[in-house]
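Visitor: The UniProt record's numbering applies: residue 1 is where the sequence shown begins, and numbers increase by one.
Just so you know, the hints here were simulated from the structure itself, not pulled from any lab data. There are no misleading hints in this set.
Using C-beta positions, here's what the derived DEER-type ranges look like: (1) Glu-52 - Pro-141: 27 to 37 Å; (2) Thr-361 - Pro-227: 39 to 49 Å; (3) Lys-184 - His-228: 40 to 50 Å.
Don't be surprised by glycine CBs; every beta carbon is placed ideally from N, CA and C.
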Amino acid sequence: MTSRHTIGAVLAIASCVALLTIVSPLSASARHIQRAPSHQQLFLILQGISSELTPEQAAANQGMGLVPQYWETGNNGVPGIVPFLQKEQFPNASFFVYSYQGNASNGNPLPYDCTQTFSHPLRADILALNRQITSILTNNPNFKGKQTDVYLIGHSLGGVVAFGYLAYLKSLGGLNGSLPKAPKARLKGVVTLDSPIGGVSGNRIYQKLIRDVFGRPQGCPGIKSLPHLTSVDNLVQIFSTTPKRSDPHGAKASLLQAIFHDPKQSNQTVAETARIPILTVGNTHDLIWDPRLCGIDGDFRSTQWVEDEASNHLAVYGRDFTEGKLICNPKDFQSNHLAVLHTSQVETGLNQFFPSGGVPTALTIASLHL
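Please build the complete structure, drawing on both the sequences and the hints.
Guide: Put into structure tokens, the structure is as follows:
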């Protein structure tokens, strides 16, 4: 009897080992499936000043919009930010283009022309972003009632609108990632790229330069008929909320005060109290923010970033890179301003930052010591 029991026990153990051998690969597969995002992932792509969204671009990408600057490979061979992120971390994410004109009931963007990026008040643009996010999260069947992680990536004026959305949420009384009318969604990260979150100089010669650079036939010639560049005027108001030589200007200026007329709280305070990861990136060769090369007084490159304050409780980054020729030529102004959208260093930094505020070591901590 003892011998038979021993043999039975051995056979039982052997059977268990064989079973584990068969099951373990399935378990690994199951673990891989569990690592897939349990939440929906939603990106809002915000183009900058002088941009447009044609009817064809608005209808592309299943109506969510598609724009060359973010999707197409650059002349230097660097992929657009969207396909890069899709390949690296977000194959199942939805990428919507923000529209300065507004959106359909399901959040799909409406076409807009470049003059609207100049003629609209910033407050209206920020509220339009809020409406688009709300429409997607409450009316779009792919997101309605679902847990959703929301990310904003904005270039130039689009980054100001994205950061302004944080100020808007602050004006509502809280910044913990929660979103109006969408209790299951959370704002999980904001990225600004070459964005004057600290505003721009009101110098009249500089203001003429803005019209010359962006009003070229290859840019947005329609602004020549606009008596006022309202969005630029708003940027001047933001710039004026802190002394001219503030460093970094993007941290010490107050978008909240200038646009929402709340008691002064600096952009840095808004970033620190947001409790979400924030990455501000600027090009030290972006001549739009440093027109001295053209004989115009003022170096306000630090308008592009907040102070870098990463810790166990904060993921707030002010980073820079250097790209582009230093030539006083409107064409090079525009080229340097767009370089951030096709720079490998920046894309590596984005990959390090997403999805949860990792340190973007590919980008240096911004410090001009003005």
